[in-house]
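Below, each chain spelled out in residue letters.
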Amino acid sequence: MAKKSQNNNELRGLSKTELLKLAKSKKLKINPAAKKEEILGKLDAVKKLEKLKKLVQTKKRIAGKLPKGVPLPLPAKSKKKKPAKRKPLRMALPAAKIRRKKTFEIPASTQNRIPLHTGKEEEEIEEKKYFVSPSGEPRPAEPVEELPHGYGVNRIVLLARDPEWLFSYWEVTPDRVEAARRFFESEWGTTRSILRVYDVSNIKFNGSNAHSHFDIELSGNARNWYIRVSKPDCSFIVEIGIVSKSGKYFMLARSNAARTPRSRMSDVIDEEWMSIDFDRIYALSGGLRVGASSAQMRRLIEQGLPLGISSGYVSSPVKIKGRNFWFVLDAELIVYGATEPGAQVKVQGKRVKLRPDGTFSLRYAFTDGVEQITAAAQSADGIEERAITLDVSRKTVEKSPKLKEGLRA
Amino acid sequence: MPKGTLCLVLHAHLPYVRHPEHEYFLEEDWLFEAITETYIPLLDVYEGLVRDKVPFKITMSLTPPLISMLTDPLLQSRYVRHLDKLIELASKEIDRTRWQKEFNDLALMYHSKLNQARNIFVNQYKNNLINGFKKFQDLGGLEIITCGATHGFLPLMSVNRNAVRAQIQVAVEHYEQHFGRPPKGIWLPECGFEPGIDEVLKECGIRYFYTEAHGVLHATPRPKYGVYAPIYCRSGVAAFARDLESSKQVWSAEEGYPGDYDYREFYRDIGFDLDLDYIKPYIHSSGVRINTGIKYYRITGRTNNKQPYNLHAAMEKAASHAGNFMFNREKQIEYLNQLLGRDPFIVAPYDAELFGHWWYEGPDFLNYFIRKTAFDQNMFKLGTAVDYLQANPRNQVATPSMSSWGHKGFCEVWLEGSNDWIYPHLHMAADRMVQLSKQFSGNGISGLKKRALNQAARELLLAQSSDWAFIMKTGTMVPYAVKRTKDHILRFNRLYEEIRQDKINENWLKDVESKDNIFPKIDYHVYA
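These protein sequence lines map, in sequence, to chains A and B.
Residue 14 is where the first sequence starts when you use the working numbering, and the numbers rise one by one after that.
Residue 2 is where the second sequence starts when you use the working numbering, and the numbers rise one by one after that.
Bear in mind the hints are in silico, worked out from the structure with no lab data behind them.
The structure presented is a predicted model; accordingly, all values stated were derived computationally and were not measured.
One thing to keep in mind: the hints can contain errors.
Said to hold, decoys possible - Cross-link-like lysine to any residue pairs, in silico, SDA-like; alpha carbons within 25 Å at most:
hint	chain 1	residue 1	chain 2	residue 2
1	B	516	B	500
2	A	141	B	392
3	B	307	A	37
4	A	37	A	51
5	B	203	B	500
6	A	408	B	99
7	B	487	A	37
8	A	366	B	86
9	B	307	A	220
10	A	244	A	259
11	A	408	B	428
Said to hold, decoys possible - Chain B regions said to be covered by chain A (calculated; three or more residues, Cβ under 8 Å):
hint	segment
12	69-80
13	171-177
14	221-230
15	354-361
16	370-380
17	499-510
All C-beta atoms in this analysis are idealised placements derived from N, C-alpha and C, irrespective of residue type, glycine included.
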């Protein structure tokens, strides 16, 4: 709460022009003739809305990771150790990691690209190896010590993820930042931190001989970044650095080289070999689906050869279109009895094992109908016999689904 | 006269999960289920083929963590305990379903199969299934290849070449200890390949590996025969690429064989369906329901109204699918032979656990398929990569491209929002391990320090399992995967500090050695 009023005071301290500028940046429509109080009120409302949105998003994110039916966890008492106080850095502070999650598709329309097999089905089946229970982790999570936040080693590492994306993570040590500060002297206040990505394909990089480079402006506390290069089969090196408004640049760390994979077939064709109906081979080799095999196969399939795979949707009788609600009921029968230990008991003609105290119990599954359970006990000395018969009947009636009044099925 | 070869590859892998500190541990079930539903049935199929003199050639990769678990006495005895409980449950099921013939037949079937499994495990192979796999390799029908030491995803490890080499070298040595000879080929974890990895393979004596289709298709220069013949990397190591046409028929959940309505439904298990009081002794001790492996329903269709499973109908289907698969391969090979002017080599790799565990009738399908291939047709034969290289020593030279058989074909599965945080720690640990192994490179290192160094190597390898990142991404048992990553990194970091300061805590070291006891004969010099 203290933070809020501090911000409010900051806002109050601004001039009306500055407030209008701020409101414009937040895409608020404000009449330039409006009073300062009005503008402050609107900015406050926007801030509240942003906070609410973030909360809903967080809840959604958490909910997305939990299976249905499990309530959202209560915020756990944080046992995190406060990270050691460092001099305030422009980046690499121990705040929340900024994760840039990007989905990406390989566009299929480029020349010479074959549709890649995506491996989705293999992944779905492979993860069944680790399937034990659909409700996820069945026991309370044991507390695990946290991994170190950093290793005190100034470094940046680059990995190629696929033909279009790289991934980089880094750690910048205080002494390196100090060196930067000394380098920039009075300009330090105008500096910002960036990633500089160099294309160094087939070059021995010496710091200035790359084919090209581009900069990415980093946001405050990032410690890693997904970099879109969209250049398959190229080598890259990334540096994390600081650049001033005047364009002076200071490198904090330089990464290893990483090469993006190819995304299409090679243009290099060995001159010794003769081309043998090339395109057909590739069509056959790459990304074929069942039922879209070689032309000859398709014809044969169309002739109606047995494939043994049923098709056609069989709808369940109890589901209403568009709804997932379900309800099942079942019953089993437990028959239990007792006699003198040592006696012999037969149920439906089959011998039953007694517990040491002479009791027994039997469990049966059964469907609708009538069952007759005949039981007989013979005394241990074989002289006397007793018999009891139990008739049970089961009848299941499932009523048709009822919807709340006014709603249609 | 066969006009082509089909190379079936079964990749069997599970991460190293062994928790002596707990009496029962949930994730150990992964291994027990795979043994009961996949490994034992496969060995049974091979046994039948040998007995009936059916010629066959199959390639199997058995990963070092899996081999380690199958040869570990604690896990072996826990498996027998697990199996005995299941047999007890199956007996109860026979009684409980006595009034319902359809279910009773199935209960009898499970009881019989479980007892048979126990017989194979305990009596035939003396609790050690590796005896079985080795036997069939020695008889000639099975070619066993290795994999990364802990199934680490190599393209995301290659910033440290020594770490990549250690994954391969440790695997090769482990293989030799168990099979009596070095491995000829390797299944790269997740088919993760990057140019340069082949040079490491060469250094370790490996002659061939497998890639996803586009690994070879995108090679430079262009491969003349697509995926239908291997290529040699510049280093001389051969790369064999997956054929997607034959794979799809088995892998596809929607269109492939395993989705057939007569086959057993994976998700209807009595562990979930039955009354809690009855099933409680056979599920997780906290009462949370888990798979037992006893399932009574067939897929039936896209409906919740599942019908009872009928073994006979399912077996008929499996036989018919085997016939269909064989027919498709005949046509494919006949066509390709004509097109290419030479015998095509079709590589069809699958996760071994697909057969049996996910697709219950899978091992029967394989059985029928192998027999039909041997006796009902002449268009193709089964073969291994080694056979091919011996018959065709001359092949095109090209550099395969970086690829994997994960979703989207590259590294994204193991490098995205849920799991990218692990790499700063894994890479730092790898760098530190190399540093340690260079620092203590001599042979006169004292007993305690040497133990600590070897244990540090173990912790690094265990942290590098690609399974953890995979699980974090797919979301099945995420807290466990996160815990394993953290545990191993933290143990490594502590060992690193203790070694550097020469203040090794022997009691703690002993405790860690007993828990993370994979690769007993490891030598940390492998990182130098």
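Comparing the hints with the structure gives:
1. For a cut-off of 25 Å, the pair hint linking residue 516 of chain B to residue 500 of chain B stands: about 20 Å separates their Cα positions.
2. This hinted pair does not check out: residue 141 of chain A and residue 392 of chain B have alpha carbons roughly 38 Å apart, beyond 25 Å.
3. Restraint check for residue 307 of chain B and residue 37 of chain A: not satisfied, since their Cα atoms lie roughly 60 Å apart, outside the 25 Å limit.
4. A distance of roughly 14 Å separates the Cα atoms of residue 37 of chain A and residue 51 of chain A; the hinted pair therefore holds under the 25 Å criterion.
5. Only pairs whose Cα atoms come within 25 Å are accepted, and residue 203 of chain B paired with residue 500 of chain B is rejected, the gap being roughly 33 Å.
6. Between residue 408 of chain A and residue 99 of chain B, the direct Cα distance comes to roughly 19 Å. Compliance with the 25 Å bound is thereby established for this hinted pair.
7. About 46 Å separates the Cα atoms of residue 487 of chain B and residue 37 of chain A, which puts this hinted pair outside 25 Å; it is violated.
8. Restraint check for residue 366 of chain A and residue 86 of chain B: satisfied, since their Cα atoms lie roughly 19 Å apart, inside the 25 Å limit.
9. Taking the CA atoms of residue 307 of chain B and residue 220 of chain A, the gap is about 66 Å. The hint is violated against a cut of 25 Å.
10. At roughly 30 Å between alpha-carbon atoms, residue 244 of chain A and residue 259 of chain A are farther apart than 25 Å, so this suggested pair is violated.
11. As the CA atoms of residue 408 of chain A and residue 428 of chain B are separated by approximately 65 Å, the hinted pair breaks the 25 Å bound.
12. With 0 residues having a beta carbon nearer than 8 Å to a beta carbon of chain A, the segment 69-80 of chain B misses the requirement of three or more and the stated coverage is violated.
13. Judged by the Cβ-Cβ criterion of 8 Å, the segment 171-177 of chain B is not covered by chain A as claimed, because only 0 of its residues qualify and three are needed.
14. Counting residues of the segment 221-230 of chain B whose CB falls under 8 Å from any CB of chain A gives 8; the rule of at least 3 is met.
15. Given a C-beta distance limit of less than 8 Å, the hint that chain A covers the segment 354-361 of chain B holds, as 4 residues qualify and 3 suffice.
16. Requiring three or more residues with a Cβ within less than 8 Å of a Cβ of chain A, the coverage given for the segment 370-380 of chain B is violated, as only 0 such residues are present.
17. Residue count for the segment 499-510 of chain B with a Cβ under 8 Å from a Cβ of chain A: 0. That is fewer than the three needed, and the coverage hint is violated.
In terms of the numbered hints stated before, the structure departs from hints 2, 3, 5, 7, 9, 10, 11, 12, 13, 16, 17, listed from lowest to highest.
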